[in-house]
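**Student:** The listed protein sequences derive, respectively, from chains Z and D.
For the first sequence, the numbering used here begins at 1 and goes up steadily by one.
For the second sequence, the numbering used here begins at 1 and goes up steadily by one.
Be aware that a few hints might be false.
Only some residues are given here: those of chain D computed to face chain Z with a beta carbon under 10 Å [as the list claims (entries may be wrong)]:
(1) T7
(2) K9
(3) Y31
(4) M41
(5) V50
(6) G53
(7) V60
(8) A92
(9) F102
(10) G103
(11) G105
Distance ranges between label pairs, derived from CB positions [as the list claims (entries may be wrong)]:
(12) D/V111 with Z/V29: 17 to 25 Å
(13) Z/P107 with D/R107: 17 to 25 Å
(14) Z/T77 with D/T20: 37 to 45 Å
(15) D/N28 with Z/S14: 43 to 51 Å
(16) D/T86 with Z/L18: 22 to 30 Å
(17) Z/S52 with D/T5: 41 to 49 Å
(18) Z/S84 with D/G3: 30 to 38 Å
Simulated from the structure, these hints should not be mistaken for lab results.
Here the structure is a predicted model, which is why all the values come from computation and not from measurement.
Yeah, the Cβ is synthetic: ideal placement off N, Cα and C, and Gly gets one too.
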Amino acid sequence: AQSVTQLGSHVSVSEGALVLLRCNYSSSVPPYLFWYVQYPNQGLQLLLKYTSAATLVKGINGFEAEFKKSETSFHLTKPSAHMSDAAEYFCAVSDRGNYGQNFVFGPGTRLSVLP
Amino acid sequence: NAGVTQTPKFRILKIGQSMTLQCTQDMNHNYMYWYRQDPGMGLKLIYYSVGAGITDKGEVPNGYNVSRSTTEDFPLRLELAAPSQTSVYFCASSGQTGVAFFGQGTRLTVV
């Protein structure tokens, strides 16, 4: 069975500071990994995805994530936080089964950006 | 390109009432999903479908039903609404890229 843990339900950073949101996963098969962002009263939008190509994945809005198999991690980073980055971020894992694409989401991390 | 469209956006139900949450996608995706989102709990899978005519239970299916008569539509039915079903519901679809696309959500309150 797959699972996702996100360390820290709430992270606060100052504007211009490094953003680091942690994600660890478990999967019995090589996974697909995703980060989604949710702004207030909206649905989830894809930030980036890992599907076994390069281990460092670049996404939208300056975010990137590195797949580390030995650590079963997929942490999300951004060098310099902007006020508009304040949102909830979800890490997700999906198996590669031919019958269905089962997504398992972490509990989410709310990012606050302080002026 | 509309993507995934959910209706209604908001609804208040009385205990015991029934309703259908509508979901339609225009990306010709085979896979569709219904999730509920509760504060601090992430998203929990209610039901999913791998194609027209095929549905299966997810993690929290009790109190819900679904159907998938066409590729585009995947409605979620609540038969006897209970306060525990107060939540935000998201429909999603995915296709060959393996990426899930989400609707804007339906905020449901059962009183």
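**Student:** Take the hints in turn and mark each one as holding or not.
**Tutor:** Hints and how they fare:
A distance limit of 10 Å between C-beta atoms decides the matter here; for D/T7 the minimum to chain Z is near 13 Å, and the interface restraint is violated. Because the closest C-beta pair between D/K9 and chain Z is about 9 Å apart, less than 10 Å, the hint holds. Given hint, D/Y31 at the interface with chain Z, holds; its Cβ is 5 Å from that chain's nearest Cβ, closer than 10 Å. Proximity of D/M41 to chain Z holds as hinted, the smallest CB-CB distance being about 6 Å (cut-off 10 Å).
For D/V50, the interface hint holds, since its Cβ comes within 10 Å of a Cβ in chain Z; the closest pair sits about 5 Å apart. The interface hint given for D/G53 is broken, as the beta carbon of that residue sits about 14 Å from the closest beta carbon of chain Z, more than 10 Å. The restraint placing D/V60 at the interface with chain Z is violated, with a minimum CB-CB distance near 13 Å, outside the 10 Å limit. The closest approach between the C-beta of D/A92 and any C-beta of chain Z is roughly 8 Å, which is under the 10 Å cut-off, so the hint is satisfied.
A least Cβ separation of about 4 Å between D/F102 and chain Z falls short of the 10 Å threshold, and the interface hint therefore holds. With 10 Å as the threshold, the beta carbon of D/G103 comes within range of chain Z, its nearest partner Cβ sitting at about 5 Å, so the hint holds. For D/G105, the suggested interface contact is upheld, since its CB lies about 5 Å from the closest CB of chain Z, less than 10 Å. Range check, D/V111 to Z/V29: Cβ separation about 43 Å, and the 17 to 25 Å hint is violated.
Evaluation of the 17 to 25 Å hint for Z/P107 and D/R107 yields a pass: the beta carbon distance comes to about 19 Å. Against the hinted window of 37 to 45 Å, the Cβ-Cβ separation of Z/T77 and D/T20 comes to about 42 Å, which satisfies the hint. Between D/N28 and Z/S14 the beta carbons are some 44 Å apart, a value that agrees with the proposed interval 43 to 51 Å. A hinted range of 22 to 30 Å for the beta carbons of D/T86 and Z/L18 is inconsistent with their spacing of about 38 Å.
At roughly 32 Å, the beta-carbon separation of Z/S52 and D/T5 lies outside the given 41 to 49 Å, and the hint is violated. Between Z/S84 and D/G3, the C-beta spacing of about 22 Å breaks the proposed range 30 to 38 Å.
Violated hints, in rising order: 1, 6, 7, 12, 16, 17, 18; the structure is consistent with all others.
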